[in-house]
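Enquirer: Every position in the sequence shown, counted from 1, becomes a number in this note's numbering once 295 is added.
One should not assume that every hint holds.
[Claimed, not checked] Below are the DSBU-like pairs computed for lysine-lysine, each with C-alpha atoms no more than 30 angstroms apart in a straight line: (1) Lys337 - Lys367; (2) Lys541 - Lys366; (3) Lys461 - Lys521; (4) Lys367 - Lys429; (5) Lys367 - Lys461; (6) Lys297 - Lys366; (7) Lys541 - Lys429; (8) Lys337 - Lys429; (9) Lys464 - Lys541; (10) Lys297 - Lys464; (11) Lys372 - Lys429; (12) Lys372 - Lys337; (13) Lys541 - Lys367; (14) Lys366 - Lys337; (15) Lys297 - Lys337; (16) Lys429 - Lys366.
It should be emphasised that the hints constitute simulated quantities derived from the structure, not laboratory data.
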Amino acid sequence: MKVLVTGVSGLIGSALASELTVQGHEVLGVSRVPATAAIGWKDVTPSLMNNIDAVVNLAGETISGRWTDAKKRLITKSRLDATETVTEAIRQSEHPPTVLIQASASGYYGSRGDEALVESSSSGSDFLAELCRKWETAAAPVTAVNTRLVLARFSVVLASEGGALKRLKTVTRLGISGPLGTGRQWWSWISLHDAVRAILHLLENDISGPVNVASAQPQRQRAFTKTLGTVLRRPALLPAPRIAIKAALGEMGESLLLHSARLQPSVLSAEGFEFRDGDLEHALRRILGI
Numbered sequence: 296m297k298v299l300v301t302g303v304s305g306l307i308g309s310a311l312a313s314e315l316t317v318q319g320h321e322v323l324g325v326s327r328v329p330a331t332a333a334i335g336w337k338d339v340t341p342s343l344m345n346n347i348d349a350v351v352n353l354a355g356e357t358i359s360g361r362w363t364d365a366k367k368r369l370i371t372k373s374r375l376d377a378t379e380t381v382t383e384a385i386r387q388s389e390h391p392p393t394v395l396i397q398a399s400a401s402g403y404y405g406s407r408g409d410e411a412l413v414e415s416s417s418s419g420s421d422f423l424a425e426l427c428r429k430w431e432t433a434a435a436p437v438t439a440v441n442t443r444l445v446l447a448r449f450s451v452v453l454a455s456e457g458g459a460l461k462r463l464k465t466v467t468r469l470g471i472s473g474p475l476g477t478g479r480q481w482w483s484w485i486s487l488h489d490a491v492r493a494i495l496h497l498l499e500n501d502i503s504g505p506v507n508v509a510s511a512q513p514q515r516q517r518a519f520t521k522t523l524g525t526v527l528r529r530p531a532l533l534p535a536p537r538i539a540i541k542a543a544l545g546e547m548g549e550s551l552l553l554h555s556a557r558l559q560p561s562v563l564s565a566e567g568f569e570f571r572d573g574d575l576e577h578a579l580r581r582i583l584g585i
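Start from the sequences and build out the full structure, keeping to the hints where you can.
Expert: This is the structure:
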């Protein structure tokens, strides 16, 4: 299978490209700064798509950093521009790819307290929810040419080499971690290993529509922090009040740290996907080599 991976230099993209190659697939990466093994966005054309079996679109500006109006525009534009480029190339190709796996995020649902969120749950109303709706909508036209569309709603991806866990590990080892706000908000997560395996599962099976890419065992933030502290042998007792998080990080901090999203991977579970890293402590110990 020949797979086009956009955002190939990112955390998920690089791991996915590596695993696809190991399994004998041909990978063509797309990056804003093409290296030897990648092409640029100007090369994503209908003629290119004629020779592609599957597309995984992971491209987008990082959401880390204070969300000024300019930052929000950049986050939105990067995702929509990339998705529209991919979608239009697929639609205009003579032999379109059989499947497009389009990245989305758990932010689609907004902050929902203790509600268990499955793929049919309604969307939220904040910036991330609106962004995810636009992102998913931008990919929808590929269904007109019978390309199977999967909307992969990623939860927090845990990996030693980057992402949220790298920052959490640092503050925990410094002994300055603890409950954020009330600590009762739900954090949904998945290991990078399982996230890549889930994408492969979605490529290989006839699944379409939204899919929650998340462990079946979300954790309340307080419990997540305590477990990480246990693994690193550090206390996790210093609370960070909501007002302090909002003052320091603004809307970004509130959305990523204080909002509650209790995702359930109902589609993956129904389609026979088995998590290798289902238990948080086991996952953290494997990821961190402890």
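Enquirer: Could you run down the list of hints and mark each one as holding or not?
Expert: Now for the hints, and whether the structure bears them out:
1. Restraint check for Lys337 and Lys367: the C-alpha separation of about 24 angstroms stays at or below 30 angstroms, so the hint holds.
2. With a CA separation close to 17 angstroms, the supplied pair Lys541 and Lys366 stays within the 30 angstroms bound.
3. This hinted pair checks out: Lys461 and Lys521 have alpha carbons roughly 16 angstroms apart, not beyond 30 angstroms.
4. The hinted pair formed by Lys367 and Lys429 meets the criterion: a straight-line CA distance of about 13 angstroms does not exceed 30 angstroms.
5. Our distance criterion of 30 angstroms between C-alpha atoms is met by Lys367 and Lys461, whose separation comes to about 24 angstroms.
6. Restraint check: the Cα-Cα separation between Lys297 and Lys366 comes to about 34 angstroms, which exceeds 30 angstroms; the hinted pair is violated.
7. Pair hint Lys541 plus Lys429 holds up; C-alpha atoms about 26 angstroms apart against a cutoff of 30 angstroms.
8. A threshold of 30 angstroms between alpha carbons decides the hint, and for Lys337 with Lys429 the separation of about 23 angstroms falls inside it, so the pair holds.
9. The suggested pairing of Lys464 with Lys541 holds, with an alpha-carbon distance near 21 angstroms, which does not exceed 30 angstroms.
10. Our distance criterion of 30 angstroms between C-alpha atoms is broken by Lys297 and Lys464, whose separation comes to about 36 angstroms.
11. Using a Cα cut-off of 30 angstroms, the hinted pair Lys372 and Lys429 holds, with the two alpha carbons roughly 10 angstroms apart.
12. For a cut-off of 30 angstroms, the pair hint linking Lys372 to Lys337 stands: about 16 angstroms separates their Cα positions.
13. A distance of roughly 17 angstroms separates the Cα atoms of Lys541 and Lys367; the hinted pair therefore holds under the 30 angstroms criterion.
14. Distance check on the hinted pair: Lys366 and Lys337 sit about 24 angstroms apart at the alpha-carbon level, within 30 angstroms; holds.
15. Between Lys297 and Lys337 the alpha-carbon distance is near 19 angstroms, which keeps this suggested pair within the 30 angstroms criterion.
16. At most 30 angstroms may separate the alpha-carbon atoms for a hinted pair to count; Lys429 and Lys366 meet this at roughly 17 angstroms.
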